[in-house]
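Q: Residues 1 to 347, numbered by the working numbering, are exactly what the sequence shown covers, in order.
Since the hints were derived computationally from the structure, they do not count as laboratory data. One thing to keep in mind: the hints can contain errors.
[Said to hold, decoys possible] Here are the computed distance ranges between Cβ atoms for each label pair:
no. : residue 1 : residue 2 : range
1   : Thr114    : Val92     : 18 to 28 angstroms
2   : Ser254    : Lys165    : 41 to 51 angstroms
3   : Asn75     : Thr276    : 53 to 63 angstroms
[Stated by the list, open to error] Quick list of in silico lysine-lysine cross-link-like pairs, DSBU-like style, CA-CA up to 30 angstroms:
no. : residue 1 : residue 2
4   : Lys73     : Lys89
5   : Lys250    : Lys185
6   : Lys250    : Lys308
7   : Lys145    : Lys231
Note that the Cβ used here is the ideal one computed from N, Cα and C, for glycine as well.
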Amino acid sequence: MNHLARNACSILLASLTYCGAAAAAEVAIDIEVVTAPGVAITAPQEWAARLGKLGLDRVQIRSARGEEKPATKMNDAGTRVEVLAVLTKGDVLVLPQRKFRVSQLGELREYFETLPEQITEEGIVRGPFRLTEQEFYTVMADMAKPLASFTKGITSHEMLAHCAKKFGLRIEWTASAYPLLQSGKPIVVELNGFASGTALAIALRRDGLTLRPKHVPGGLQLVIEPYKRGKEVWPVGWKVDKTPRQLAPKLYESLSIEIEGYTLATALNALAPRLTVPVVMDEWILDELNIDPAKVPVKLPAKKRFFKSALDGLFSQARLACELRIDDAGMPFLWGTQYGPDSRPAQ
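Could you put the whole structure together from the sequences, leaning on the hints where they help?
A: Structure representation (structure tokens):
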């Protein structure tokens, strides 16, 4: 093996092939390791043995020829990846975008397992949920469909059944989500006229559930899961794509408003004839924080103000915020919630 390090002889180790998650077929990985000046005499033999246990198709170690740099190359058929790595005098194996020490063999195995997918993904721009632009449009084609069904008094499970008949994407739910669907309470707000995706996000959130698109073999599907903080899920509406005044001009008209002896719920009912956009309360947050709009007294002194400013003042007295959002079809609505780790403003 010392002779190998000095004279660029090859070590070939046949083993298994890797299959990248995004690859259509098995992808064999060949690695050629070049040793930089100053590498310990025993290092090539030791690294050959380590790499041989990682399931690579072929391992070759030789001396460096000039200033060679780590690189990867996949053949046109996408069935084989050639890797050039550099072994430095610090006993560090340098690969494209990563460096590994002897203590990181587990991470090195993971690197090779995902390498074909990483190469395939190069140059592909992905946005929310790791969707390409075309995939996002495919999902939005379903989500933007009008719900066209009355929701008050039905469950989110029944709403899902209605949407499943109209959607091109399949809707699935995890085993842990099913009990929550089965025990879901009747929906208390009318969502007829909302875009289906936004309506589903509102109804499912009330039951502690979320919705998200997911890559599966052969395409995409929509998955219902229990809420988990920090996980990317389909939002309850989106940040407005115009100025709020352009989107809902009536909310920014100046009015003389005085409110006394009302609760938040009764105040909203009294103002409903002037509201030009729906108001939807975040029922999940209300339950979590034990806030009942029917029991929270609110008041506003007589004053000329924007309608939206008056609403903000009322919601703040219930420790809530009132944000203007748009649904998946671009319809504006007001979302009453409390911002925090479990209810971020729409992006």
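Q: Evaluate each hint against the coordinates.
A: To see whether the hints hold, each was checked on the structure:
no.	hint	in the structure
1	Thr114 - Val92: 18 to 28 angstroms	holds (20 angstroms)
2	Ser254 - Lys165: 41 to 51 angstroms	holds (46 angstroms)
3	Asn75 - Thr276: 53 to 63 angstroms	holds (60 angstroms)
4	Lys73 - Lys89	holds (25 angstroms)
5	Lys250 - Lys185	violated (34 angstroms)
6	Lys250 - Lys308	holds (9 angstroms)
7	Lys145 - Lys231	holds (25 angstroms)
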